[in-house]
Amino acid sequence: MIEFRKEFFADERDDNLNEVGKPTRRQDILGHVTGRSPYFDDHLFDGLLHIRCVRSPHHHARIRRIDIAEAQSMPGVVRVLVGRDVPRNLNTLLSLLDFGIDDEPLLAETKVAYKGEPVAAIIAETEAQARAAVARVRVDWDVRPHVLDVEEAIKPGAPVVCEVYQTNKFIYHGKYDHQKLRYGDVEAAFARADHIVEGRYQMSPIEQAPIETCGAIAAPEVNDRYVCYTSTQALFFSLGTAAKMLTMPSNRLHFIGGTVGGGFGGKVDSLHEPIAILGAMLTGRPCKFAWDREEEMQVGAPRGAERWYIKDGVARDGRILARKFTGYFDSGAYTRLSSYAIIKGVGHLPGPYTIPNVHADVYCVFTNRTPATAMRGFGITGVDFAIEAHMDKVAEAVGMNPIDLRILNSYRDGDMKAHRRVAKNTALIECCQVVADKAGIALQASSRAASSLRDGGGERGRLPAHTALDQKGTVTGIDTGGYARKGGAPGRPAQPVPMPGYSMPAAATAAPRPPAQTPARPAATAASVASSQSTTPPPPPAQPANTTDRPRQGAMRFSSISGLRRR
Amino acid sequence: MAKTPIVFVLNGAERASFAEPGQNLLEFLRRGVGDLSPKYGCGQGTCGACTVTIDGQTHLACLTLAESVTGRRVQTAAGLATGATLHPLQEAFMENFAAQCGYCTPGMLISAKALLDRNPNPSREEVVEAISGNICRCTGYEPIIEAILAAAKGRARA
Amino acid sequence: MIQSVETHATIAEAQRAMGADAIYMAGGTLVMRDVNAGVTATRIVRSSDPVLADIRLSGDGVTIGAGVTMAMIAVHRDLTFLAPVARSVGGPQIRNMATVGGNLFAPHPYGDFAVAMLALGARVSVAGQSAAPRPIADVLRERGRIGLVASVQVPRPQAPADFGFLKASRIKPKGVSVLSIAAYLPRQGGRIRGARVAFGAMGPMPLQASAVERVLDGQSLDAATITRAAQVAVEGLDPPTDPLATTWYRREVAGVHLKRLLERMARG
Amino acid sequence: MALHRGRGFAAINYPIGMNLGGDPSQALVHSNPDGKFTVALSSIDLGQGMKSVTRQIAAETLGVPVADVYVDTADSDTGPHCMGSFASRGTHRVGNAVIQAAQEARAVMLQAAAEELEVDPADLVTDGQGNIHVNGAPSRSITTMAACQAAQFKQGRTVSGRGIFLIPLSEVDPETGEMTPVSCFAHAALLVEVEVDDETGEVAVRDMQSAYELGRALNPKLVEQQLVGGAWMGMSHALWETTEPYYPDRSHGPVDFNHYLMPGPGDIAPHHISVLERPAPDGPFGGKGPGEMCANPVLPAVANAVYDAVGVRIDELPITPEKVLRGIRANGGAKPRQRLARGAR
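Protein chains in written order, with the working numbering: chain A, 1 to 567; chain B, 1 to 158; chain C, 1 to 268; chain D, 1 to 345.
I should point out that these hints are in silico values taken from the structure, not numbers from a laboratory.
A hint or two may mislead.
What the hints assert, rightly or not - SDA-like mimics (lysine to any residue), calculated; alpha carbons at most 20 Å apart, straight line:
#, chain 1, residue 1, chain 2, residue 2
1, D, Lys335, A, Met400
2, B, Lys3, C, Thr247
3, B, Lys3, C, Lys172
4, D, Lys221, A, Asp15
5, D, Lys36, D, Glu104
6, B, Lys3, A, Leu48
7, D, Lys36, A, Leu48
8, B, Lys3, C, Lys259
9, D, Lys323, A, Gly199
10, A, Lys155, A, Tyr309
11, B, Lys3, A, Gly76
12, D, Lys221, A, Tyr309
13, A, Lys438, D, Pro65
14, D, Lys335, A, Leu48
15, D, Lys323, C, Thr247
16, A, Lys22, D, Asp34
17, D, Lys36, D, Asp72
18, D, Lys221, A, Glu396
19, A, Lys424, D, Pro281
20, B, Lys3, B, Gly56
21, D, Lys323, C, Glu6
22, D, Lys335, A, Glu396
23, A, Lys311, A, Val197
24, C, Lys259, D, Gly333
25, D, Lys221, A, Phe4
26, D, Lys221, A, Arg25
27, A, Lys22, D, Lys323
28, C, Lys172, B, Arg124
29, C, Lys259, D, Leu3
30, B, Lys3, A, Asp46
31, D, Lys36, D, Ala114
What the hints assert, rightly or not - Where chain B lies over chain C, by a calculated footprint (3+ residues, C-beta under 8 Å):
#, stretch
32, 2-9
33, 83-93
34, 204-216
All residues carry an ideal CB built from backbone N, CA and C; glycine is no exception.
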């Protein structure tokens with residue numbers, strides 16, 4: 001039930017290749033069908049220890065005291081880990097890319113911000129013994145008010161979820177409490193539109209649900225190194241995160257993975273590797289830390305729920321004149337990757353259409369739920385649902401066939417996009433035409449004749465003469481890293497280097513890697529404890545949780561400082 | 001806690017090992033016996049990744065008490081091939097691209113084999129029913145159904 | 001955490017070995033899940049009593065050992081009326097493991113076979129008790145303290161069309177119950193005599209729909225009767241909200257599914 | 001009771017890769033003395049086929065049969081740095097890095113061959129079957145094995161190559177959102193047909209017609225795997241999946257696959273796929289990466305189809321029977337729209 005329509009774009013392709021384009025069998029298929037593909041847990045160790053976490057039963061609570069004495073004396077228990085055992089117990093994933101402020105402990109010490117947040121880890125001879133000991137850790141909780149809805153969370157007086165971000169909003173560019181997209185003037189265009197179409201769209205939190213749950217096994221290796229077998233989707237991301245949190249040179253870690261039982265975005269958070277390695281460091285024995293299915297579903301980070309409001313101004317003939325978005329991304333209790341998903345999502349607006357006026361305010365909101373993370377289509381799937389459900393309403397409002405409406409508004413080669421780059425290599429119109437044809441839907445003559453290669457550019461390729469700007473949501477005193485550099489790039493960001501089809505990618509000049517910083521625990525946690533006691537009155541616009549001159553942290557960082565190669 | 005000695009037949013060969021009290025068959029096979037082909041997916045009996053046959057009937061190893069296989073015949077995906085010769089289902093799964101991450105594949109193959117062993121020429125509906133206790137997150141099931149039907153057809157010709 | 005596993009030769013001995021620190025394991029589909037999660041007793045008690053696997057026909061009834069699996073019922077030539085019920089439980093692997101006795105103890109939303117047992121007016125023999133078998137409704141109500149089930153005695157419908165079963169689930173072909181319904185409608189001279197209708201996943205345990213039974217009794221299974229039965233479907237039911245559906249939804253569709261089941265039975 | 005058929009449509013584009021920190025990936029390629037190659041990566045195969053597609057890319061670039069290449073993934077001691085397998089970046093980023101590495105190794109192999117054949121390496125071509133010959137003169141040839149043997153045992157050359165792919169770092173303007181978000185886009189359009197039960201609110205997907213444009217299909221069977229499985233996941237997101245059924249309330253969160261709902265093999269519908277290939281100028285052999293975007297059009301298409309069938313707009317996912325039933329009740333019954341019927345204008 002699949003056909004390859006080679007007649008489309010045939011003159012842009014050289015199909016005379018030896019191996020590319022062939023239905024070659026998968027290299028890994030023999031291992032899969034014989035049950036011999038080595039996933040992380042398919043490595044046997046004598047004396048393997050098992051790790052299970054003690055988790056918060058509350059959405060939001062301060063920790064008065066953690067009593068591990070009884071658990072420590074349970075049969076089979078080798079060691080109990082708490083936050084102070086983690087050399088550097090605060091991290092944000094994208095710190096490896098110089099983006100965001102460390103906001104999340106590996107094991108919570110002073111407070112928990114979501115139900116299921118780990119506060120201790122039991123290391124025992126058997127999994128059953130670890131489970132039994134988990135039940136014997138006594139935590140004295142001071143339960144606090146919590147907030148679960150994104151729009152409630154950003155109201156004044158809402159409980160502060162994450163101490164680093166006092167208004168429950170991630171700070172972009174050290175400047176705004178949301179990411180803006182401004183292209184043209186939507187309000188002016190709404191005033192001259194024939195139809196205004198509005199909608200509200202809500203995604204649900206979704207579990208990546210790989211059949212293999214997340215986990216890692218770490219063991220002492222010869223030469224004073226540690227080997228870590230892991231289900232990670234991003235080997236060096238996990239290695240870098242572990243090196244940072246354990247303050248360990250990256251070359252003392254030997255990560256092995258690469259054969260993973262499904263990921264879909266759920267295996268990038270790098271929570272298992274540092275705990276498993278820490279266990280191996282402190283016990284001198286191989287340690288396994290993996291989620292069971294219940295944890296995978298409720299403690300493992302889901303696709304974050306997004307809420308989108310869309311307002312369109314539409315001309316009688318179906319042309320969309322203006323589109324305005326307000327988006328709330330439910331990041332849960334910590335940042336993980338949601339901050340970046342919004343940047344990716346904003347670069348995607350207003351969808352594959354050429355609309356002369358586009359406006360978006362998108363907020364990364366902290367709530368007392370399981371932190372969100374990547375999932376297949378991260379940053380895009382939710383807003384695509386909103387856009388395309390909305391397009392159906394627009395079609396109805398102007399009385400058009402929904403496919404004709406898409407083709408009429410579709411972007412074409414040469415059109416200017418709202419993120420101020422020219423569209424190229426587009427093919428939306430052809431996809432629409434093929435489906436309409438297969439489904440027996442009669443399109444307008446203009447839709448049938450349309451092409452991604454024609455009628456783009458020109459007037460459609462020019463930047464708007466006027467763009468309405470504003471300073472709404474200004475924040476001061478916060479530095480959230482490279483992407484969040486205060487003021488950002490004033491002019492024209494770097495253009496991509498054009499690359500020919502099969503030629504070698506332009507040789508990249510490797511920027512010198514900055515030397516590893518000596519880890520130092522930032523003052524953020526301690527400083528913020530006091531300020532979060534009150535739920536009222538509303539905190540003023542983000543007080544500095546970190547000073548702008550705080551050195552960037554990290555045992556190993558992937559990115560050259562953003563902007564080093566800025567042109 | 002006394003461990004229990006267990007003697008059973010795994011993929012045609014007699015095996016012996018010790019089980020912890022309350023240990024499930026999945027953990028016993030993997031860590032006690034070293035057969036890593038059944039996979040842990042849930043420990044709740046809801047995903048089918050640990051499917052094995054016991055005396056020819058499919059069971060969920062995670063919900064089976066290890067000692068209940070004493071004296072019985074267990075088959076896992078690791079025992080499907082005969083020497084270097086793959087089972088027709090394995091060939092069909094390779095040919096039909098019926099696996100992506102491969103993690104559900106061993107359990108899926110065992111469910112499919114149990115079907116073909118009792119019904120060599122199943123309908124599509126019977127295939128669907130036979131794999132309904134095995135969850136796949138990657139493939140959308142269609143290539144797996146196709147592979148099982150193809151294996152059945154190949155066998156019918158042979 | 002489990003410290004020991006005991007296997008007893010008879011179900012009566014197993015009954016005697018039970019205690020507050022013990023859990024009885026039959027097919028394992030319910031108990032092993034708890035064992036894996038570490039939330040259970042310290043002793044597992046089992047029984048190898050061959051009588052548990054017996055299926056004995058007697059006149060117009062059948063006695064099914066508590067250890068008989070769903071798969072055994074699904075293929076038994078004298079139990080074809082129960083085959084659709086057995087096939088609705090779990091997937092193929094679960095059916096090879098799950099037992100008739102265990103199903104009586106399955107928590108919401110499981111226990112579809114028990115729904116059928118309730119509709120058929122089955123009686124339950126408890127291990128080590130010489131007293132007469134007890135009505136299943138009592139056993140379901142007291143299932144936390146009833147003791148071990150040895151067997152279930154089930155009347156066999158005189159006509160296959162007298163018994164019907166429906167399970168509504170979100171996933172096909174294997175999904176757990178949004179609700180399930182079993183109806184036993186013996187007919188004499190075209191009139192229903194002694195109607196029994198039971199719902200699953202509509203309360204803390206399988207529940208008998210007395211209001212529906214009252215509407216059906218003495219009537220022929222015609223459109224008007226079916227409509228009236230559907231209207232009172234939810235009387236006496238107490239459906240919970242769970243990840244699959246809300247109380248509201250279950251109440252809204254209970255009558256719809258009852259109507260569909262009764263219409264199917266009316267068609268024969 | 002009535003079952004109502006409805007059709008819904010959606011069209012999307014999808015950005016390939018991410019624009020954070022240059023999004024780099026590296027690859028190393030080297031040959032054994034007999035001309036059999038290994039590609040060392042730290043990239044991850046989650047099932048999407050990373051090992052398989054990079055193997056084909058390496059073989060194509062080296063000019064050797066695919067059987068002469070194996071890909072080893074994800075050992076941090078041997079595989080060079082890669083950001084990871086996410087953001088649809090694998091095929092595009094890693095593929096480009098493999099091309100660069102394989103080109104370097106190929107250049108050494110051709111140099112070695114040239115020395116043996118006493119010709120200019122620029123005049124040599126590979127036949128993809130394990131031979132190197134002078135362009136236009138197939139008889140003046142040497143096997144890749146002989147060339148690699150000569151390089152390593154006679155000439156003292158390493159038949160190996162290093163590759164990296166890095167995009168220019170891109171700032172994001174805080175005032176306007178100006179940025180270079182990605183390097184290329186994939187596209188899709190999809191029409192779904194559903195059947196809605198107006199007494200229970202249950203929705204069944206009956207048919208899907210799609211067109212996906214994903215650059216060059218580097219391996220058509222791997223593409224098919226992604227598109228079939230991805231569309232299944234899309235309908236699953238649309239109609240079934242949630243970890244918090246009563247969001248933003250956190251109660252009743254599922255903890256197993258009996259309560260975390262995904263369509264079973266009995267819920268799937270025929271999916272008629274058309275693949276269009278407009279090669280990406282910066283993609284490996286023009287490939288883009290179909291892995292993530294294939295699910296996206298299904299979600300809105302299903303929502304639009306439900307509206308078409310019974311006149312109920314569900315703007316909150318997932319589209320449960322309860323939401324549909326409540327909508328039908330609120331409207332005073334099903335209100336079919338039928339705007340995309342066959343032949344409709």
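So, going through the hints one by one against the coordinates:
1. Lys335/D to Met400/A: 19 Å, holds
2. Lys3/B to Thr247/C: 47 Å, violated
3. Lys3/B to Lys172/C: 41 Å, violated
4. Lys221/D to Asp15/A: This hinted pair holds, its Cα atoms lying about 16 Å apart.
5. Lys36/D to Glu104/D: At roughly 15 Å apart (the allowed maximum being 20 Å), Glu104/D and Lys36/D satisfy the hint.
6. Lys3/B to Leu48/A: 17 Å, holds
7. Lys36/D to Leu48/A: 38 Å, violated
8. Lys3/B to Lys259/C: 55 Å, violated
9. Lys323/D to Gly199/A: 17 Å, holds
10. Lys155/A to Tyr309/A: 17 Å, holds
11. Lys3/B to Gly76/A: With a Cα-Cα distance of about 15 Å, the restraint between Lys3/B and Gly76/A holds, given a limit of 20 Å.
12. Lys221/D to Tyr309/A: With a Cα-Cα distance of about 39 Å, the restraint between Lys221/D and Tyr309/A is violated, given a limit of 20 Å.
13. Lys438/A to Pro65/D: Given that 20 Å is the threshold and the Cα spacing comes to 37 Å, the pair is violated.
14. Lys335/D to Leu48/A: 62 Å, violated
15. Lys323/D to Thr247/C: Holds, at about 13 Å.
16. Lys22/A to Asp34/D: Outside the cut-off at roughly 25 Å; violated.
17. Lys36/D to Asp72/D: 13 Å, holds
18. Lys221/D to Glu396/A: 38 Å, violated
19. Lys424/A to Pro281/D: 9 Å, holds
20. Lys3/B to Gly56/B: Violated, at roughly 27 Å.
21. Lys323/D to Glu6/C: 50 Å, violated
22. Lys335/D to Glu396/A: Satisfied, since the Cα-Cα distance of roughly 14 Å is no more than 20 Å.
23. Lys311/A to Val197/A: 6 Å, holds
24. Lys259/C to Gly333/D: 19 Å, holds
25. Lys221/D to Phe4/A: 11 Å, holds
26. Lys221/D to Arg25/A: Judged against 20 Å, a Cα distance of about 8 Å means the pair holds.
27. Lys22/A to Lys323/D: 45 Å, violated
28. Lys172/C to Arg124/B: 14 Å, holds
29. Lys259/C to Leu3/D: 16 Å, holds
30. Lys3/B to Asp46/A: Given that 20 Å is the threshold and the Cα spacing comes to 17 Å, the pair holds.
31. Lys36/D to Ala114/D: Holds, because 19 Å separates the two Cα atoms, which is no more than 20 Å.
32. 2-9: n = 4 at 8 Å, threshold three: holds.
33. 83-93: holds (count 4)
34. 204-216: violated (count 0)
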